[in-house]
Every structure is written in structure tokens, then in C-alpha cells.
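Participant: Sequence:
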Amino acid sequence: MKSNEVTVCGLPAVRAQFAADPGAIKRLFFDYATSRKIGVMCKALAQAKKVYRCVEPAELEKIAGTVHHGGIVAVISAPALRAPALSELQTWVRKREALLVLDRIGNAHNLGAIARTAAFFGVPRLVLPADAAAARPGEAAFRVAEGGLAHVEVLSVPRLPEFLRELAAAGYDVVGAATRGGRPQAGASAGKPVALVLGNEETGLAPEVQAACGRLVTIPGSGKVESLNVSVAAAVLMWELIGRR
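For the sequence shown, this note's numbering gives the first residue as 1, with consecutive numbering after it.
Think of the hints as simulated: they come from the structure by calculation, not from any bench. A hint or two may mislead.
Subject to a maximum C-alpha distance of 25 Å in a straight line, what follows is the list of computed SDA-like cross-link-like pairs (lysine to any residue) [stated by the list, open to error]:
{"no.": "1", "residue 1": "LYS49", "residue 2": "ARG36"}
{"no.": "2", "residue 1": "LYS62", "residue 2": "LEU11"}
{"no.": "3", "residue 1": "LYS49", "residue 2": "GLU5"}
{"no.": "4", "residue 1": "LYS95", "residue 2": "LEU11"}
{"no.": "5", "residue 1": "LYS50", "residue 2": "LYS95"}
{"no.": "6", "residue 1": "LYS2", "residue 2": "GLU153"}
{"no.": "7", "residue 1": "LYS192", "residue 2": "ALA178"}
{"no.": "8", "residue 1": "LYS95", "residue 2": "GLU59"}
{"no.": "9", "residue 1": "LYS49", "residue 2": "LYS95"}
{"no.": "10", "residue 1": "LYS224", "residue 2": "ALA235"}
{"no.": "11", "residue 1": "LYS95", "residue 2": "VAL67"}
{"no.": "12", "residue 1": "LYS37", "residue 2": "SER3"}
{"no.": "13", "residue 1": "LYS224", "residue 2": "GLU201"}
{"no.": "14", "residue 1": "LYS95", "residue 2": "SER3"}
{"no.": "15", "residue 1": "LYS95", "residue 2": "ALA108"}
{"no.": "16", "residue 1": "LYS49", "residue 2": "VAL6"}
{"no.": "17", "residue 1": "LYS62", "residue 2": "GLY138"}
{"no.": "18", "residue 1": "LYS49", "residue 2": "ASP31"}
{"no.": "19", "residue 1": "LYS95", "residue 2": "LYS37"}
{"no.": "20", "residue 1": "LYS49", "residue 2": "PRO79"}
{"no.": "21", "residue 1": "LYS26", "residue 2": "GLU153"}
{"no.": "22", "residue 1": "LYS49", "residue 2": "VAL67"}
{"no.": "23", "residue 1": "LYS95", "residue 2": "ARG27"}
{"no.": "24", "residue 1": "LYS26", "residue 2": "GLY191"}
{"no.": "25", "residue 1": "LYS192", "residue 2": "LYS224"}
{"no.": "26", "residue 1": "LYS2", "residue 2": "ARG36"}
{"no.": "27", "residue 1": "LYS95", "residue 2": "GLY71"}
{"no.": "28", "residue 1": "LYS37", "residue 2": "VAL67"}
{"no.": "29", "residue 1": "LYS62", "residue 2": "LYS95"}
{"no.": "30", "residue 1": "LYS224", "residue 2": "GLY214"}
{"no.": "31", "residue 1": "LYS2", "residue 2": "ALA48"}
{"no.": "32", "residue 1": "LYS95", "residue 2": "VAL152"}
{"no.": "33", "residue 1": "LYS37", "residue 2": "ALA85"}
{"no.": "34", "residue 1": "LYS50", "residue 2": "SER77"}
With these hints in hand, go ahead and build the complete structure from the sequences.
Facilitator: See the structure below:
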């Protein structure tokens, strides 16, 4: 597989990718059991003169790079992560579209789980920093997202603090998730769309990122463990800040 390609594994994820953009699938591989469920996909690939093939389990595992392939692997171009223009931010505010911002989330499984929850709640975009420590959409993220990444645009910006200040100036309520020190009740700002900022699994929000947030929220717990997994915290806060609206 080429370096600018990524595999999408599992029938829900591949179906979601096909529904969102059939042309994005460059090659398709599947086992015999799955072949009976994907006639429409195969027909479309045949018409486009693209490779689709039923293969043995061992070959499918090799193509996927994992045993967790779910019986089908689609090869697509790796998503190109662009930076949004200021005019786009203003358009999102007018449409009251919520936004997720991830500060160096390093685990691809967490990225995938967050993208799945974002798609569930209808959050259309997710922003990552151009940081080597930040996970990118790859095989693991696509698999865990269960099709969510086909419905969530992933963007990248050079520096989060500056971007968060631009969001606030455009009219976003920029809300940072803090392990401690934030208000226990999230609530939503009347009239403003929410930009929810989630921090790294180990270190949380970077100080400069936290300082650029308009307010901080903390999920209250029993105190028996310090915090939730970041993907679980993301789900709780998306429901509180976005899903209830």
C-alpha cells in the first residue's frame, strides 16, 4: 500500500465511506462471507474499472495490517488535512454548527471513538493541531469510528491557541474540558455555537490552549478515580453542550 493511502476496515465503516463518497474507494478486498453483502459496491467499482476482489483470510489480514478487518478492507486516499479560512469560521457561526478541537489526543482509538460520537450528535467538524504528538485518521481510527469519519471533516491548524482566539472572535463559545478547576455544570451559551476543546490523555489541555478557552468545564465524579477516558468525557460533554440543544 502507498504511503498516501489508508485502509478502512469493517463493513459499517466501508459502507459509510461508500455512501459518503463512492469514488474515494480505490480498491476493495473482502472474504467470501462478506461478498454476499456488497453487490452494489462491487457493481459500482466494476463500472469505475477499479480493483475489487474476494481473497483468503490470510491475504485480507495482510492487506489490512490487522486481524480486526471485519471481513472487508477498502483502500482510500489518506485524508488531506487542511486549515480552515476565517470566512469559513464565520459561516459556521451563522449556521450555528458545533465544532470539536482536540489538543494532542495521541491515541488513534480515542480519535476514532470521538469521531464516532461526533457523527452521532451531528458535529460536522473536528480540528487537530499540526503536532507530531496528535493522532491522525488512519486504519485504527477509521475502524473504531465505525463509519463516523465518513461524516466528520477533519481539519488541521498550525497553532491551537491562535485558532481558538479566532473562533471566539468569530462568535464561538470556546469551552475547554478540564480534569479539575472548571465549572461542574457545562450548560450552553445562548445564541452561540459551541467549540469543545479536549486535551491530551495524559497531560490534558496545554496551558496556552487552556488560557485561550472562554471557559472551562469539569465533569463531577465520585473522586474514586481522577478522570474519565477522553473519548468518554467527549461523549458526556457533547451530550451536555450540543446534544441537548
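Participant: Find the hints from earlier in the document that the structure breaks and name them by number, from lowest to highest.
Facilitator: As far as the earlier hints go, 4, 5, 8, 9, 11, 12, 14, 15, 19, 22, 23, 24, 25, 26, 27, 29, 30, 33 are violated by this structure, in ascending order.
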